[in-house]
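A.B. asks: Its first residue numbered 28, the sequence shown is counted upward by one per residue in our numbering.
Rather than coming from a laboratory, the hints here were simulated on the basis of the structure.
Hints are supplied without guarantee of correctness; some may be wrong.
[Stated by the list, open to error] Pairs of lysine-lysine residues, derived as DSS-like cross-links and limited to a Cα-Cα distance of at most 25 Å, are as follows: (1) 110 with 46; (2) 38 with 49; (3) 38 with 110; (4) 49 with 110.
The structure displayed is predicted, hence computed values, not measured ones.
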Amino acid sequence: MGEKKRKEESKPTFVFGNKNYKFMFIGLAIIALGFILMSGGGSDDPNVFNPEIFNWRRIRLAPMLVLIGFGFEIYAILLNPDKE
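Please model the entire structure based on the sequences and the hints provided.
C.D. replies: Right, dumping it as structure tokens:
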């Protein structure tokens, strides 16, 4: 009888709740979008300079999205799933 009760009490549980995982996936998607926006802008010919690498999207928008995504990740980790 005591062994059965002990097995019921030691059921494996997840560290985070569903709400935490939703925010983690949202943050991960925002980070991925930021890195995708940062890519490109290079030149096929290494002797030709392409000023497209210094446009607003790659210098301002993409790093800001990455930082916002990391903010979502921190919020998801610190979020209490039991609190309503």
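A.B. asks: Now look at each hint and say whether the structure bears it out.
C.D. replies: Taking the hints in turn, this is what the structure says about them:
no. : hint        : in the structure
1   : 110 with 46 : 11 Å, holds
2   : 38 with 49  : 23 Å, holds
3   : 38 with 110 : 22 Å, holds
4   : 49 with 110 : 16 Å, holds
Violation of the numbered hints given earlier is absent; every hint is satisfied by the structure.
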